[in-house]
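Sequences listed follow chains X and G, in order.
Number 183 in the working numbering belongs to position 183 of the first sequence; there are no gaps in the numbering.
Number 30 in the working numbering belongs to position 30 of the second sequence; there are no gaps in the numbering.
No lab work stands behind these hints: they were computed from the structure.
Ideal Cβ positions, reconstructed from N, Cα and C, are used throughout, including at glycine.
Do not rely on the hints blindly, as some may be mistaken.
[Unchecked claim] In silico SDA-like links for lysine to any residue, alpha-carbon gap of 20 angstroms or less:
| no. | chain 1 | residue 1 | chain 2 | residue 2 |
| --- | --- | --- | --- | --- |
| 1 | G | K158 | X | P132 |
| 2 | G | K169 | G | V35 |
| 3 | G | K158 | X | M135 |
| 4 | G | K158 | X | H158 |
| 5 | X | K80 | X | R2 |
| 6 | X | K80 | X | W107 |
| 7 | G | K158 | G | D31 |
| 8 | X | K80 | X | S136 |
| 9 | G | K158 | X | G161 |
| 10 | G | K158 | X | I133 |
| 11 | G | K158 | X | S136 |
| 12 | X | K80 | X | R56 |
| 13 | X | K80 | X | G376 |
| 14 | X | K341 | X | G186 |
| 15 | X | K341 | X | A375 |
| 16 | G | K169 | G | I154 |
| 17 | G | K158 | X | G160 |
| 18 | G | K158 | G | N146 |
| 19 | X | K341 | X | T172 |
[To be verified] Computed Cβ-Cβ distance ranges for the label pairs, DEER-style:
| no. | chain 1 | residue 1 | chain 2 | residue 2 | range |
| --- | --- | --- | --- | --- | --- |
| 20 | G | F175 | X | T349 | 44 to 54 angstroms |
| 21 | G | D179 | X | V156 | 13 to 23 angstroms |
| 22 | G | D179 | X | D336 | 26 to 36 angstroms |
| 23 | X | G55 | G | G168 | 52 to 62 angstroms |
| 24 | G | F107 | X | P206 | 33 to 43 angstroms |
| 25 | X | G160 | G | A84 | 25 to 35 angstroms |
| 26 | X | P132 | G | D8 | 25 to 35 angstroms |
| 27 | X | G376 | G | I154 | 23 to 33 angstroms |
| 28 | X | T349 | G | F107 | 20 to 30 angstroms |
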Amino acid sequence: MRVGIVCPYTWNVPGGVQQHIRDLAEALTGVGHQVSVITPADDDAELPPYVVSAGRAVPVPYNGSVARLAFGFLSAARVKRWINEGAFDVLHVHEPAAPSLGLLACWAADGPIVGTFHASYEKSRVVSVTAPILMSALEKITGRIAVSEAARTTLVEHLGGDAVLIPNGVATERYAMADPLPGWPGEPVGRGEGGALGFLGRMDEPRKGLQVLLRAFDVLGRRRPGLRLLLAGPGDADEVVARVAPELRDRVVVLGMVSEEDKVRAYHSVDVFVAPNLGGESFGIVLAEAMSAGAPILASDIEAFDRVLLGGRAGALFPVGDHQALAAAAEELLDDPARRKQLSTEARTAVRAYDWSAVARDVLRVYETVAPDGAGVVVSGRGA
Amino acid sequence: MFPDWIIDVLFWVAVVFLVGVYVSWRATRLDRLHVRVETARAALDAALVRRAAVALELAASRLLDPATSLVLATAAHEARTADADNREFAESDLSRALRAVVDQPDFAATLLASVSQQDDRGEGRAVLEELGAAAAKVVYARSFYNDAVAAARIARRKLLIRVLPLAGKAPLPGFFEIDDDPPRW
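Between the sequences and the hints, there should be enough to build the whole structure, so can you do that?
Next comes the structure, spelled out in structure tokens:
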């Protein structure tokens, strides 16, 4: 099958949607399909052979965070040309409701279009206002996929209709084995001291909840000598360190943005991986990666995490936003190696249901359902 | 320099033109929704036929005991021959029959083990995979069809569409409601 995938966000900036598309494209290519991805990308970005750049994206505030989106006549023309030259059997648009390439692709194409909805948020007036504008483009999508129940609920509330649920995949084997970073997680020491906590995600994005973890560290770091914190993800490292009390600063290591390889090593470098997210998370790809690495997990009890962690069996949960509870739960885990081992094993087993081979198979079934006769995707005769 | 009435006429000509463009755009949108419903319906029918065919194939495969084969073959046949009124019931019955068959203790294990016992290597595995795919596609196709129907029905309720005969003679499409919960193993 010839598949055209549209990515709405800048390729070389780490993010859940980009990662999803990369893994899907590679899983589909792996079983013999031809895949082309169009995406915003920086001019000097190195792109894999299956990726086509639609030009640079502009950072704009959207849906509570700053997103880098591509829009305008130039992007629209590039998308149109890509559709025309690609002669795809099916077009797979990600996050079509975002004002970026996905929406432009819906606008420009006729034929079998699959749309995958990633984001989930509370019913918001802003989105309700934009819904009628989106409608005429989104009506063209013939098969809708949601990556989580939360994303599906968001979709139904804002745009109506329904979607099939195909959860995100994880390239589990990519995370399974790695050497820890040098000096981490440190030698085991007695009860009540030492240990390494880890966090991965955008450090300047409040919804990722780093501030909750920092407050918990402020409490726990004082009462537990030798406790260290490993932080990785995009954001200003100096600004993060400045938020830590001066006497605790030498026990916080900020890696900043890390390579894929170092990211995997980071998961293997900590005693407890903390996911303090406050919400807005539809699935938690970071959580699933940590599970694949067998990291013992402590996560906030938001709906998506509760489900992925099987209600606490594959990772400990604490009340969302409660830094005292986080500190207490982390301390308990750090003092109980047997429990950590058990969580690690459970996590590795639970994450198998999310492996990419299973996801790609389901997505292919969707493609085959919407594009049975191979009529293909063509450039729309007129606008949406 | 122009008489006032020319300005007036030009203004009304422009208004009529814009209204025409708008109505035509709405008609195009509605037409596209109807096409989407028809395409989705064809895909749904294809998925249902495929599922019944796989069920029959499984029934005829000699991998099952005769009683199970008979249950499956009957349900698949009923689903294929049901008239429009009974279609949804018959397809739901096929879903239930498939689940009952697959839920038998050690069903999947027995089918997968057929590789070593029989000459037709891997037949059990292949037919089980096909069944999984066919059942999943029914779920997808039905969701996409109902989604298209919902969009078309909302569009048909709009004032402009009811006042002007933009929908033509296209019948108001109906939802397809069945129990399509797939068998799991």
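(message) Are any of the numbered hints broken by this structure? If so, which, sorted upward?
(response) Failing hints, ascending: 15, 20, 22, 23, 24.
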